[in-house]
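Given the sequences, and given the hints that come with them, work out the whole structure.
One line per chain: the protein sequences are A and B, in this order. The opening residue of the first sequence carries number 4 in this note's numbering; numbering runs sequentially from there. The opening residue of the second sequence carries number 11 in this note's numbering; numbering runs sequentially from there.
Calculated from the structure, these hints are not laboratory results. Glycine included, C-beta positions come from ideal geometry on N, C-alpha and C. Some hints here could point you the wrong way.
[Said to hold, decoys possible] Below, a sample of chain B positions facing chain A; criterion: calculated Cβ distance under 7 Å:
{"no.": "1", "residue": "S42"}
{"no.": "2", "residue": "P54"}
{"no.": "3", "residue": "F59"}
{"no.": "4", "residue": "N106"}
{"no.": "5", "residue": "T112"}
[What the hints assert, rightly or not] Listed next, with one range per pair, are the computed distances between beta-carbon atoms:
{"no.": "6", "chain 1": "A", "residue 1": "F64", "chain 2": "B", "residue 2": "T104", "range": "39 to 49 Å"}
{"no.": "7", "chain 1": "A", "residue 1": "G19", "chain 2": "B", "residue 2": "Q90", "range": "40 to 50 Å"}
{"no.": "8", "chain 1": "B", "residue 1": "L21", "chain 2": "A", "residue 2": "Q44", "range": "26 to 36 Å"}
{"no.": "9", "chain 1": "B", "residue 1": "R87", "chain 2": "A", "residue 2": "S4", "range": "42 to 52 Å"}
{"no.": "10", "chain 1": "B", "residue 1": "S22", "chain 2": "A", "residue 2": "Q44", "range": "38 to 48 Å"}
[Said to hold, decoys possible] Calculated from the model, a selection of chain A residues having no Cβ within reach of chain B, i.e. all distances over 10 Å:
{"no.": "11", "residue": "T20"}
{"no.": "12", "residue": "F78"}
{"no.": "13", "residue": "S91"}
{"no.": "14", "residue": "T105"}
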Amino acid sequence: SAVISQKPSRDICQRGTSLTIQCQVDSQVTMMFWYRQQPGQSLTLIATANQGSEATYESGFVIDKFPISRPNLTFSTLTVSNMSPEDSSIYLCSVTWTSGETQYFGPGTRLLVL
Amino acid sequence: QKEVEQNSGPLSVPEGAIASLNCTYSDRGSQSFFWYRQYSGKSPELIMFIYSNGDKEDGRFTAQLNKASQYVSLLIRDSQPSDSATYLCAATNTGNQFYFGTGTSLTVIP
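Right under this line is the structure:
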């Protein structure tokens, strides 16, 4: 497994602003993912963060709203842009070393948009 | 049809009993299956994974996979109040994409 940290752990933001969430891993990983978990719901994959290239977004998620960076094999950021109350959620990064194998999750970022 | 389906519960069992959690999946080509536990306000943590038909045991936990029937289950023996959490089933499809179920809420009553 890996030690995964996320910053910030929680935030309260105003409508229309943007927040960048960081995910740091203590070892190099092959794949990094960003998920959203709305209250009482399961995990929804936002995108796969690709090192050195554009992220791969799932249906319903677009780069303009959720720009993602992955400059190296241990770090990624997710920005939630032009936020609305509907973006209030927990945002989780996960990592794996092999596609289709176990994913390990960071502690999550709890976002509340007013 | 959802890729992975779980009974959302809540499921309540008395302390010391066996808790049985079930999950079905739609992609017959799915190869890997995972059970995660998520405490309230925390992120999911892996309990077990299973790839082959049959049972896989790890301490008080047993994962069961039946590919012909496309279901996977998790048994928790000697349930403890600390097992109270939401249990997420996940499967990877033929494209190695991860799909999570909606989770089953388990409460173990002292």
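ask   = Which numbered conditions among the earlier hints are violated in the structure presented, ordered from lowest to highest?
value = Failing hints, ascending: 6, 8, 9, 10 and 14.
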